[in-house]
Structures are given as structure tokens and as C-alpha cells.
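Visitor: Sequence:
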Amino acid sequence: LNAMRPCVGTLLHEVQERLTFRAQIYIRDDIKGFSPTKEDLDYPAKLAAGPSTPGGAAGGDGEGESYTSWCPVLPRTLACLSQLYRTIDNKIFEGLAQ
1 LNAMRPCVGT LLHEVQERLT FRAQIYIRDD IKGFSPTKED LDYPAKLAAG
51 PSTPGGAAGG DGEGESYTSW CPVLPRTLAC LSQLYRTIDN KIFEGLAQ
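For the sequence shown, counting from 1, position 61 maps to 61 in the numbering used here; every step adds exactly one.
Everything labelled a hint here was simulated from the structure, so no lab data went into it. Cβ atoms here follow ideal geometry from the backbone N, Cα and C, with glycine treated the same way. One or more hints might be untrue.
Simulated restraints on C-beta separations [what the hints assert, rightly or not]:
1. LEU1 <-> ARG22: 29 to 37 Å
2. PRO75 <-> ALA45: 42 to 50 Å
3. ALA49 <-> PRO6: 50 to 58 Å
4. MET4 <-> LYS91: 22 to 30 Å
5. LYS32 <-> MET4: 34 to 42 Å
6. THR10 <-> GLU94: 17 to 25 Å
7. PRO6 <-> TRP70: 43 to 51 Å
8. ARG86 <-> ALA45: 31 to 39 Å
9. TRP70 <-> GLN98: 48 to 56 Å
10. THR87 <-> GLY33: 45 to 53 Å
11. GLU94 <-> ALA48: 25 to 33 Å
12. ASN2 <-> VAL73: 39 to 47 Å
13. SER82 <-> LEU41: 20 to 28 Å
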């Protein structure tokens, strides 16, 4: 078991490095590069329409529906960061989160 430790450590480091690289590309292209449409910025109309889920909610209990009136970048950002939180080193996560 101890003989595999260096190999597994190297593999873990490489996986985290690749994951960080892909996250940086996603953040650059889909979050920082986001260009809002007129519909995205029409908050009075979104608030008047109330919460609705695209494609239907998976439970119909109302949970998770409030994000639909947010700017589309916010749910993407939160989803990306929540998936990365426990998979990469804290210092790297903090750098990506900023």
C-alpha cells in the first residue's frame, strides 16, 4: 500500500491540475465572456412573471425555483464553484472563486 502512495499522489495532483485548467476555460468562456441579452436585463418583466422553471421542476415543491429570475451567469457560477469546492486544493479554489 505504501508503494502506491507516490503514484496515487502524482495522479491526484495531475487530475486536480487538469480540472483547474478546464474550470479556468469554463469561467473565461461561459462566465466572464457572458453577454446579456435584452431579456436577461429585463428584470421588471422577470419579477412580474414570477418564478418558473425551464423544462419543469423535478419535484414541484418550489425549491430551487427562485434562481430563474437571476442573471444566467449566477447559477452557472454557483454550480461550477460547488462542484469544485471539495475536489481541488483550497488555495486554488479561492483563486478561481475570485
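Visitor: So does LYS32 sit 34 to 42 Å from MET4, Cβ to Cβ?
Guide: holds, 39 Å
Visitor: Verify the CB-CB distance for ALA49 and PRO6 against the hinted window 50 to 58 Å.
Guide: The hinted range 50 to 58 Å holds for ALA49 and PRO6, with Cβ atoms some 57 Å apart.
Visitor: Could you tell me whether the CB distance from MET4 to LYS91 stays inside 22 to 30 Å?
Guide: Holds, at about 26 Å.
Visitor: Between the beta carbons of SER82 and LEU41, is the distance compatible with 20 to 28 Å?
Guide: holds, 26 Å
Visitor: Between ASN2 and VAL73, does the beta-carbon spacing fit 39 to 47 Å?
Guide: Holds, since ASN2 and VAL73 (Cβ atoms, about 46 Å apart) stay within the stated range.
Visitor: Can the suggested window of 31 to 39 Å be confirmed for the beta-carbon pair ARG86 and ALA45?
Guide: holds, 38 Å
Visitor: Using the beta carbons of THR87 and GLY33, state whether their distance is inside 45 to 53 Å or not.
Guide: The hinted range 45 to 53 Å is violated for THR87 and GLY33, with Cβ atoms some 23 Å apart.
Visitor: Does the beta carbon distance between GLU94 and ALA48 stay inside 25 to 33 Å, or does it fall outside?
Guide: With Cβ atoms ~38 Å apart, the hint is violated.
Visitor: Could you tell me whether the CB distance from THR10 to GLU94 stays inside 17 to 25 Å?
Guide: Holds, since THR10 and GLU94 (Cβ atoms, about 24 Å apart) stay within the stated range.
Visitor: Given the range 29 to 37 Å, decide if the beta-carbon distance of LEU1 to ARG22 lies inside it.
Guide: holds, 31 Å
Visitor: Does the Cβ distance between PRO75 and ALA45 fall inside 42 to 50 Å?
Guide: Since PRO75 and ALA45 have Cβ atoms about 19 Å apart, the given range 42 to 50 Å is violated.
Visitor: Measuring from beta carbon to beta carbon, are TRP70 and GLN98 in 48 to 56 Å?
Guide: violated, 20 Å
Hints 2, 9, 10 and 11, counting from the list given before, are not met by this structure.
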